[in-house]
Amino acid sequence: EDQVTQSPEALRLQEGESSSLNCSYTVSGLRGLFWYRQDPGKGPEFLFTLYSAGEEKEKERLKATLTKKESFLHITAPKPEDSATYLCAVQAERDSWGKLQFGAGTQVVVTP
Amino acid sequence: SAVISQKPSRDICQRGTSLTIQCQVDSQVTMMFWYRQQPGQSLTLIATANQGSEATYESGFVIDKFPISRPNLTFSTLTVSNMSPEDSSIYLCSVDLDRVRNNEQFFGPGTRLTVL
Chain Y
191 EDQVTQSPEA
201 LRLQEGESSS
211 LNCSYTVSGL
221 RGLFWYRQDP
231 GKGPEFLFTL
241 YSAGEEKEKE
251 RLKATLTKKE
261 SFLHITAPKP
271 EDSATYLCAV
281 QAERDSWGKL
291 QFGAGTQVVV
301 TP
Chain W
3 SAVISQKPSR
13 DICQRGTSLT
23 IQCQVDSQVT
33 MMFWYRQQPG
43 QSLTLIATAN
53 QGSEATYESG
63 FVIDKFPISR
73 PNLTFSTLTV
83 SNMSPEDSSI
93 YLCSVDLDRV
103 RNNEQFFGPG
113 TRLTVL
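Protein chains in written order, with my numbering: chain Y, 191 to 302; chain W, 3 to 118.
Read the hints as simulated data drawn from the structure, not as lab findings. No experiment lies behind these values; they were computed from the predicted model shown. Cβ atoms here follow ideal geometry from the backbone N, Cα and C, with glycine treated the same way. Do not rely on the hints blindly, as some may be mistaken.
[Claimed, not checked] Here are the computed lysine-lysine pairs in the DSS-like style, where the Cα-Cα straight-line distance is at most 30 Å: (1) Lys269/Y - Lys253/Y; (2) Lys259/Y - Lys269/Y; (3) Lys9/W - Lys67/W; (4) Lys249/Y - Lys67/W; (5) Lys247/Y - Lys258/Y; (6) Lys289/Y - Lys249/Y; (7) Lys289/Y - Lys258/Y; (8) Lys259/Y - Lys9/W; (9) Lys67/W - Lys289/Y; (10) Lys67/W - Lys232/Y; (11) Lys232/Y - Lys247/Y; (12) Lys253/Y - Lys289/Y.
[Stated by the list, open to error] Simulated restraints on C-beta separations: (13) Ser210/Y - Arg12/W: 30 to 36 Å; (14) Glu207/Y - Val64/W: 45 to 51 Å; (15) Val64/W - Arg284/Y: 18 to 24 Å.
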């Protein structure tokens, strides 16, 4: 059975204190790994799709990397506005398009 | 990206009643998806709604409980039928704009449903 596990569950950072979130997965045939940001009371906001091991993508202070078993979301010099829940999801090749299997998320709080 | 709106944004309903949630997209899309996010949990796919065909439901979800309509390429509805408190969740629709070039899925703001 496919599994997506995110760690830590929660992370409290000082402004400027860089850190990494982990998403480990087990899936037969990965079509893509997705990162989303979700603010309270809102729908997930798309950040990145990664397709193959070794791939990296960046957006502002966020950088996502992918290996064969896990993905990392690095937050460099975070600001309070980076506070959110970060969700990781995988899409398996055998599944229908659109079926994303989500992890439980990492809640990030960045304090000034 | 896509601009996705949902109505209502939230509702409080009595058990045994039904609620229809609307999802509107600002561009034509082939596939729309409905997800559920139960309190404190992550998102789970309910069904895929394709225009012109029956919706495809994931394991654990049935058409009688969650009927879906997809009358055109920009609109879909999800009905939560015969509700119980266990149906209290956030319901989200999402779209996949161009999976061939960019496999990106965008979500609406969600409908927060509370069943008493």
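Okay, the hints, checked on the actual structure:
1. Lys269/Y - Lys253/Y: This hinted pair holds, its Cα atoms lying about 15 Å apart.
2. Lys259/Y - Lys269/Y: holds (29 Å)
3. Lys9/W - Lys67/W: holds (19 Å)
4. Lys249/Y - Lys67/W: violated (40 Å)
5. Lys247/Y - Lys258/Y: holds (16 Å)
6. Lys289/Y - Lys249/Y: holds (24 Å)
7. Lys289/Y - Lys258/Y: Holds - the C-alpha atoms of Lys258/Y and Lys289/Y are around 20 Å apart, at most 30 Å.
8. Lys259/Y - Lys9/W: violated (39 Å)
9. Lys67/W - Lys289/Y: holds (20 Å)
10. Lys67/W - Lys232/Y: Holds, at about 25 Å.
11. Lys232/Y - Lys247/Y: holds (24 Å)
12. Lys253/Y - Lys289/Y: With Cα atoms ~24 Å apart, Lys253/Y and Lys289/Y stay inside 30 Å; holds.
13. Ser210/Y - Arg12/W: 30 to 36 Å: Because 35 Å falls inside the window, the suggested range holds.
14. Glu207/Y - Val64/W: 45 to 51 Å: Distance hint for Glu207/Y, Val64/W holds at roughly 47 Å.
15. Val64/W - Arg284/Y: 18 to 24 Å: The hinted range 18 to 24 Å holds for Val64/W and Arg284/Y, with Cβ atoms some 22 Å apart.
Violated hints for the displayed structure, listed by number in ascending order: 4, 8.
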